[in-house]
Amino acid sequence: MEMFIQTLVSGILIGGIYALIGIGMTLIMGVMKIINLAHGQLMMVAMYITFVCHQYLGLDPYFALFIAMPCLFVLGAAIQKYLLNPLLKVDSILPENQVLMTVGIGMVLTEVMRFIFHSDYRSIETGYSSTAFYLGGISFNLPMFVAFGIALLLTLGLFLFLLKTDVGKSVRATAQNMDAAMILGINAHWITILTYGLGSALVAAAGTLLLPIYYLFPDIGGPFTLKAFVITMLGGMGSTVGAIVGGVVLGVAESLGATYIAMSLKDAVAMVIFLLVLIFLPGGLKKLTKV
Amino acid sequence: MNSRPWVLGIIGLLLLAFPFLVPSDYYRHILIISLMWVVIGSSWNLLAGYTGQVSFGHAVFFGTGAYTAGLCVTKLGISAWWGLVLGGPVALLVGLVIGWICFRLRGPYFALATIAVGEIFRLVAIAWRDFTEGMEGILIIQTYRSKVPYYYLALLLAAGCILAIHLVMRSKWGYYFVAIREDQDVAEAIGISTFRYKSLSLMISSFFTGVAGAFYMNYMAFIDPHVVFSLHDVSIMAILVGIIGGVGTLWGPPLGALVMVWLQETFRSSFFGLLPRWVSEAHVLVFGLLVIFVIRYLANGIVGDWAHIKQLIFRSKAASFSTGGDRS
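Chains as they are written, first to last, in the numbering used here: chain A, 976 to 1266; chain B, 1129 to 1456.
Source of the hints: derived by calculation from the structure; they are not laboratory data.
Hints may contain errors.
What the hints assert, rightly or not - A few chain B positions that, by computed beta-carbon distances, are all more than 10 Å from chain A:
id: 1; residue: I1248
id: 2; residue: S1299
id: 3; residue: F1415
id: 4; residue: L1440
Unchecked claim - Chain A stretches covered by chain B per the calculated footprint, using a threshold of three residues with CB under 8 Å from any CB of chain B:
id: 5; region: 1052-1063
id: 6; region: 1072-1079
id: 7; region: 1082-1090
id: 8; region: 1196-1209
id: 9; region: 1232-1242
id: 10; region: 1247-1258
Predicted model only: the values in this text are computed from it and were never measured.
C-beta atoms are modelled at their ideal positions from N, C-alpha and C, and glycine is treated no differently.
Taking the hints into account, I'd like the entire structure generated from these sequences.
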């Protein structure tokens, strides 16, 4: 029983970070109606930025949030402005051009990082990497707990932004109906750039928070892109609340799978959930909750 | 296909005579691999380019075909050549099941579902050691030392695949496929069972990809899950072959296969040893840049945008300028 609760707790904690990844993805998906297949790769870039900040500048990984997030915001906005938006004007047979483009972007990001940092596994040593505190016999890993807290704060901030500010309302309007939003005087072009930037910044935060408890190498992006996608499918496409629930569900399912089935099949658990959702609950949790 | 029969004839004769013209095993190997990619790229193109269902999971069918051939040896104790017979049908069955699941989704969501299926196959192939030998892979003994028999087999497969796709696309099915690509709802409304025809397209596509996989097993004599179920080296490569040559064109993927395999080899060997070694590490980077470039500037690939390219190169006022190419 204790093992079960322990597994559950670590699943929920990692789920908080997954939620952050998923929200970024679902924002982009909601506004642009495309799947960002470079999502995990963007996270990987943020992780390397944090790594460099820690290794060469001696910055605390949590402080590096303030560097990695703006950097990725700019990178994401540039990708949207110079690579994805121009495709809207190109006439082609396949409607999935933008998705294929993100595949190419992901490849380039991975390979550029491999060029600079090589394929070596890296991790950072902090004083608190393996610190834990106990609560009724259940151990809480400190960095994971802090990461969960920061993820929660960032999510709250995003909700305030989307619900209370004018720009946030414009983003939601564009997600609902781009043409109508443009008629109402919203600069949808600018909103797409902003959204991609925001999504990248959020996934950057997730990467930075993950670094103290995880390892890092250039190919780490691919699996996380898939996870982000599973989360968004689980939660319902374009639903932010769904992404949070989906992230936590995925985190718990992965920990349970790793504990009770086999460590090596941890990644397969996510894929199986994904297919089950597809077969039995197409549309995701959004269909049940309507939010 | 009928527009310039003599061009086809000359290319065909050159390909038939190739092993006698070029005695080097290295170049024969490159051409064999290219021909294999012609099969995979063309079958990907049938599903993605003609039917509009972009698959990111063709490694599933390739790997299934390859493992069918491999398991013929390790489990059934028969020759791996049986894989050429069995690989296609097994991959087709797998395709049928995958289609049943994934065709609930459209567009990009379908694409991502196929990625997930591909990953599941790879992870299961790694984990199910009793059946697939896991990461140790399957090693068999090549039947022929010479590359020539493999070359003619690959040529036969490639020609058969192109011919089959050409015939399918001229038939009623082909028109249905294109109708589905252009607008699924309209296709459904005028009475085309989109699910059935998407499945048909996937079945043909997975069949040929499976045969290519079985050929790979026989030719390379070694497979492991990371090689044949690879997302980057098989699924994405199939897409690259398709989009660089030109989606929705008959000759696009064959051209794309030649370009891609040649590029890959050039970079892997650091421009045949002329450039420093680090160049060989950059080949995936170049692929990525190529994807970005092609999608940005040649959205319909080399064949699809041929008129456009010609105009750019010769700066002529091509009177018969059309952006289409043969898209039928």
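To see whether the hints hold, each was checked on the structure:
{"no.": "1", "hint": "I1248", "in the structure": "5 Å, violated"}
{"no.": "2", "hint": "S1299", "in the structure": "20 Å, holds"}
{"no.": "3", "hint": "F1415", "in the structure": "6 Å, violated"}
{"no.": "4", "hint": "L1440", "in the structure": "15 Å, holds"}
{"no.": "5", "hint": "1052-1063", "in the structure": "holds (count 3)"}
{"no.": "6", "hint": "1072-1079", "in the structure": "holds (count 6)"}
{"no.": "7", "hint": "1082-1090", "in the structure": "holds (count 7)"}
{"no.": "8", "hint": "1196-1209", "in the structure": "holds (count 5)"}
{"no.": "9", "hint": "1232-1242", "in the structure": "holds (count 4)"}
{"no.": "10", "hint": "1247-1258", "in the structure": "holds (count 6)"}
Comparing the model with each numbered hint stated earlier shows that hints 1, 3 do not hold.
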